[in-house]
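Undergrad: Residue-level listing of the chains:
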Amino acid sequence: MLDDGLSPMAGGTDLLVPGRKAAGRGVALLEGLPGLDGVAMTAQGLRLGALASLAALERHPVIRERLPVLAQAIACLGSPLIRNMGTMGGNLVTASPAGDTLPALLVLEAVVELASRDGRRHLPVAEFLLGPGRTALGPGEIVAAVRIALPPPGASQHFEKVGRRDALAIAVASLAALIVRDEAGRVVEARLAVGSLAPTARRCPSAEAALPGRRLDREALLEAGRRIRDEISPKGDLRATAAYRREMAGRLPLRLLTLA
Amino acid sequence: MDADRDKGASPGAPRVDALDKACGRQRYAADETPPGCLLAGVKRAGIPHGRIVRLDTAAARAVPGVVTVLTRADVPGTNRQGIVHKDQPVLCGQRVRHHGDPVALVVAENKDALAAGLAAVEVAFEALPAVFDPEEALSPNAPLVHPDREGGNLLAHGLMEKGDAESALAGCDVVVAGRFATPAQDHVSLEPPNGLARLAPSGRLTMVVSTQAPFRDRFEIAQALGLDPQRIRIRAPYLGGGFGGKDGATVQCLLALAALRLPGRWIKMAWSREETFLAGYKRHAAVMDIRLGARADGTLEAIACAMCFDAGPYAHLSGEIMELGMEHAGGPYRIPHVRIEGSCAYTNNPVGGAFRGFGVVQACFAVERAMDMLARRLGRAPESLRLQNALRPGETSAVGVAAEPGTDVAACLNAALAHPLWTGREAWKQAAPAFTRRGVGLVAVQNAMGYGRGLPDHATAKLELTRQGTFRLYNSVPDMGQGNAAAFVAMAAQALGQPEAAVACVQPDTAACPPAGSSSASRTVYTFGNALLRACRTMAEKLRNRAALALLCDTPDRLVLTPGGVSDPATGRFVPLSVLAGFLIRDDRICIDQFVMPVVENPPDTGREFKLGFPHRYFTYGACLCGVEADELTGRVRLVQCLLTVACGKVFTLAGVEQQLAGAAAQGAGLALFEELALEGGRIRAGDLSTYLIPTSLDLPDIDCLPLPDDEPSGPLGIKGMGEVGIHGPGPAVAQALFDAVGLDAASLPITPEVVLAALEELTP
Amino acid sequence: MNEPMDIAFRLNGRPVELTTDPGRRAIDVLREDFGLTAAKEGCGSGECGACAVLVDGTARLSCLMLAAQLHGRDLTTAEGLGRPDAPHPIQTAFAVHGAVQCGYCTPGMTIAAAELLARDPAPDREAARRALSGNLCRCTGYVKIVDAVLAAGAALRGEES
Ligand SMILES: Cc1cc2nc3c(=O)[nH]c(=O)nc-3n(C[C@H](O)[C@H](O)[C@H](O)COP(=O)(O)OP(=O)(O)OC[C@H]3O[C@@H](n4cnc5c(N)ncnc54)[C@H](O)[C@@H]3O)c2cc1C
Ligand code: FES
Ligand code: FES
Chain X
1 MLDDGLSPMA GGTDLLVPGR KAAGRGVALL EGLPGLDGVA MTAQGLRLGA
51 LASLAALERH PVIRERLPVL AQAIACLGSP LIRNMGTMGG NLVTASPAGD
101 TLPALLVLEA VVELASRDGR RHLPVAEFLL GPGRTALGPG EIVAAVRIAL
151 PPPGASQHFE KVGRRDALAI AVASLAALIV RDEAGRVVEA RLAVGSLAPT
201 ARRCPSAEAA LPGRRLDREA LLEAGRRIRD EISPKGDLRA TAAYRREMAG
251 RLPLRLLTLA
Chain Z
1 MDADRDKGAS PGAPRVDALD KACGRQRYAA DETPPGCLLA GVKRAGIPHG
51 RIVRLDTAAA RAVPGVVTVL TRADVPGTNR QGIVHKDQPV LCGQRVRHHG
101 DPVALVVAEN KDALAAGLAA VEVAFEALPA VFDPEEALSP NAPLVHPDRE
151 GGNLLAHGLM EKGDAESALA GCDVVVAGRF ATPAQDHVSL EPPNGLARLA
201 PSGRLTMVVS TQAPFRDRFE IAQALGLDPQ RIRIRAPYLG GGFGGKDGAT
251 VQCLLALAAL RLPGRWIKMA WSREETFLAG YKRHAAVMDI RLGARADGTL
301 EAIACAMCFD AGPYAHLSGE IMELGMEHAG GPYRIPHVRI EGSCAYTNNP
351 VGGAFRGFGV VQACFAVERA MDMLARRLGR APESLRLQNA LRPGETSAVG
401 VAAEPGTDVA ACLNAALAHP LWTGREAWKQ AAPAFTRRGV GLVAVQNAMG
451 YGRGLPDHAT AKLELTRQGT FRLYNSVPDM GQGNAAAFVA MAAQALGQPE
501 AAVACVQPDT AACPPAGSSS ASRTVYTFGN ALLRACRTMA EKLRNRAALA
551 LLCDTPDRLV LTPGGVSDPA TGRFVPLSVL AGFLIRDDRI CIDQFVMPVV
601 ENPPDTGREF KLGFPHRYFT YGACLCGVEA DELTGRVRLV QCLLTVACGK
651 VFTLAGVEQQ LAGAAAQGAG LALFEELALE GGRIRAGDLS TYLIPTSLDL
701 PDIDCLPLPD DEPSGPLGIK GMGEVGIHGP GPAVAQALFD AVGLDAASLP
751 ITPEVVLAAL EELTP
Chain R
1 MNEPMDIAFR LNGRPVELTT DPGRRAIDVL REDFGLTAAK EGCGSGECGA
51 CAVLVDGTAR LSCLMLAAQL HGRDLTTAEG LGRPDAPHPI QTAFAVHGAV
101 QCGYCTPGMT IAAAELLARD PAPDREAARR ALSGNLCRCT GYVKIVDAVL
151 AAGAALRGEE S
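Each protein sequence line maps, in turn, to chains X, Z and R. Here UniProt numbering is used: position 217 in the first sequence is 217, and no number is missing along the way. Here UniProt numbering is used: position 629 in the second sequence is 629, and no number is missing along the way. Here UniProt numbering is used: position 131 in the third sequence is 131, and no number is missing along the way.
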């Protein structure tokens, strides 16, 4: 898809920031390549073009309606100006532990569509993210789209980002949740993912396993929080200490009490 | 004239500068780039303290596009800059004393060459032991920042004493003691420091600089570089913010040096945001130990306070800032026995300098927090203790100065107490949503106006009647955004009976405008405004007299200036200003007048050591209410209510007062909740806007401003300065509100979620 | 340095062309090559919004855009919204409502406001605050800026404010 040595550029909100990766190096604008833009409904669900701006995704009616966890995650990413320029593909490939869309994509079990001159392949987001700033993107390969199967309409979705201010804040911690409950309010399936608490955004399988069969009461959620704490390996930085992050891991699930 | 005092500017008329700015047409210093302009940049130390053992510029000079590379050896003159004490090198020759110290100046044809040139400057240091804590810096074994200096790291020290604080404290029914700290703060003016310079063949140096003090800059540059100040011309266009950060040399001496070495070329220097963090001045971090004593009935008896300021490696205005802090350490309260000790220490941290509310922000946080502690110990409501002790007109302040007549701090508190945000606070707190705790805090604030005794707070205003019969006023005090230029236009228009459109305003230019002090210290509109109104009066009288000749009127006093001319109400006759102007030679069309702010007439001997800047006569008072929400799960705090009541003399324009108060409060809120440089070994870790967080539009509430009826007879149209008073409240008011909300007793700023969470833990185990 | 590239786009309503290094920043092209200095550099890294311009109606940061990205676009700077003698209603509202202090953030603010009001002609204060949350202002505390955006909305809807 691309010539060697050039960095593909979508919105440029990571690439062009001075001091980051390729500032000044050769870039190849992805803009205008066919098949990378827009949101399409398919038989399997939604296909979000890698180049669709975050702002367009945030406002997309189907995303707002059916993928609120993603809409919420996008709504707190950077600022409106950043969202006008930044893309989902860029957020994925940047693979920051604090990438805001990533926990949401993880609980939605989104699949990354990769394209190169040799063709296309698909990888679950969890397998795409390898480490901080590292992805499974091969040489000459680009992200073409993200595919998301629509969750059942009754599933509760939730996203919370803890930042130091209410806009333009890199996440100190974040939690995405997708919970399916039966009529009695008991959890059938729980998917939880966290951001900024480990080298990559990640699912929390042990915490997820604590919830099925229970109601989302304080006890259950504290238990989930305890388990998340055991699953993560937060670091301290300018924005928060490791101890505070661990504390967030334990507490953030309690917000699910407000899910009706 | 007296009727005018009650008018204020015409309501609703926008500031004269507003539309040009909104349309992107205003040209700031940063927008000037003459053709062929060279770019200058600075190689900075990058270590906190060290000896320069090698400085090799050969490789940098060899970079294509690099025009010259200058070092200490190229600096004529003293190489020392500074506002009062000259101790800051233009370029360091032997020793660097903080991360941002300049070691070489590179001039290049374009950005890429400049960057490459800077990268190619080779400099090696021998690291020297450094000191980062101001109190440690004062201990006998601390590394010395200026080794040869008598007095070591103690840059300044002072005492203000009234009565006998120690004995009085011993006799108090209750004494509370606390140690409080406020952090360094960056101004984050949206336009970083920048400017241009060119040395003309005539030997005249012309500069355009984003500066708050163009007149003083000339002397600073002249001294540092061995030049004649009269040969330096500086223009200060509208500034994209200043707040103190452009008071004192930033780019000036470096640019002038480059211009001297490259005669005939325009040279531009524009600091990046990161360089501004690294090299720019900061609000002084301070530590304050307070003991505050009262009788059982709440009457304040005594305060003992020791303030220690972190000056960084150079003096800037540290001594003056310390003085002002000390003068405010007793708060706007009646306290008979006072002992305030101040010290300022040299360290290897970033350079401390002027910042809106300097010294006072620190003092106010400490004394207001101490008042809260005392209230709690006495079982009193914080606001009632403040009201009981509020300083009234005629009573002597903590440092022994009689408070001037006028609306006082008690009135400010009472106005806040009557406000729905206060009266409705219990219901509001009860209505807190899930996981949210609410609290409300109310504190009292004050801020002195002007330079204080000993430093003439002066301004000279020049007003010209143009040949066309319009007016041109020469603003001598830079407008960094506070709107003084527009206020001057409005004042002159009103005093001359003309529409604002008939009054043009020349921005500060040392070649065209008479000298005035800096744009700072809540003094700008007061001091220059008075000078201007005097010039307007003289002009009006002159025009009436000249018109009398044309109108054959033997009682010129009955004539009035009306738009475009002078009229005789008795006869209905009118002579246009354009006609009058045609008869006058230029010298006759100009009126110049001056004003010096009155000072305390019989200064008390409480601060006798302070020759300059003590005491102040006029104070602006206020009260600040903050309502906060703390999130129980994260400890995140949101400021959701903010009210400022102030007594700042007459209100000239309500919008102008609100702009200053809300803007100042926003900076105070930033200091309270977000802003932190995260210093580590003298290095700023939060040195860009992604890590040094100032409030966004989502982080602030609709700040309510309520100026109270007041009058300052000595002020132009009855006004007092009010550019700073709004910044003090949010820190202590948010702290008090958080005690209300979650029982947190914060002793330092900013208050982080982590600290709040710890307090919440104690509430809900 | 890259090979110079021919770049053609619309700038404030007029077609323009230039040949330049496609890797230069758009903000530099506007300020240096076209002398349009309304877009200000407050940070150069996307954090302040002072450099915002409208690109095909969307507010974007010209400090994080390359010259190459201008090709074929329709660009509006604050100079193109209106002039002091014929201001855009947003510019008028900013002036009248006291939303301009030092004014360095103002051009970027008006650009963000223009995009907002095109999309949502009657925003409430919260929506206005959200829309402006990528534009830092150090002078105002934002209150009057929000007032101005709402008033501009009313003016654009033809209502009295
Ligand atoms: C001020 C500011 C605030 C920010 N705040 C946040 C925040 O709160 N949360 C957050 O998560 N992020 C934040 N970011 C980071 C950034 O905006 C996001 O990561 C954004 O999604 C990046 O998208 P982009 O299109 O701009 O990426 P680009 O900058 O164009 O690219 C980023 C990286 O991805 C690669 N890339 C981009 N698209 C593709 C593709 N389709 N295929 C292969 N590789 C590709 C590029 O080569 C580059 O390595 C912020 C950035 C700024 C400047
Ligand atoms: S200069 Fe572009 S966002 Fe600050
Ligand atoms: S008006 Fe100065 S930054 Fe907004």
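None of these hints come from the bench; they were simulated from the model. Keep in mind the model is a prediction, meaning the values are calculated, not measured. Don't be surprised by glycine CBs; every beta carbon is placed ideally from N, CA and C. Please note that the accuracy of each hint is not assured.
[Stated by the list, open to error] Which residues of chain R face chain Z? A partial, calculated answer using Cβ under 10 Å: (1) Thr20; (2) His71; (3) Arg73; (4) Phe94; (5) Ala99; (6) Ala155.
Undergrad: Does each hint hold? Answer for all of them.
TA: Taking the hints in turn, this is what the structure says about them:
This hint is violated: Thr20(R) has a C-beta 13 Å from the nearest C-beta of chain Z, more than the 10 Å allowed. For His71(R), the suggested interface contact is broken, since its CB lies about 22 Å from the closest CB of chain Z, more than 10 Å. A least Cβ separation of about 19 Å between Arg73(R) and chain Z goes past the 10 Å threshold, and the interface hint is therefore violated. A cut of 10 Å between beta carbons decides the hint on Phe94(R): the least distance to chain Z is about 4 Å, and the hint holds.
Interface restraint check: Ala99(R) against chain Z, minimum CB-CB distance 8 Å, threshold 10 Å, status holds. Hint on Ala155(R) is violated. Least Cβ distance to chain Z is approximately 14 Å, over the 10 Å limit.
Consistency note: the structure conflicts with the earlier hints numbered 1, 2, 3 and 6.
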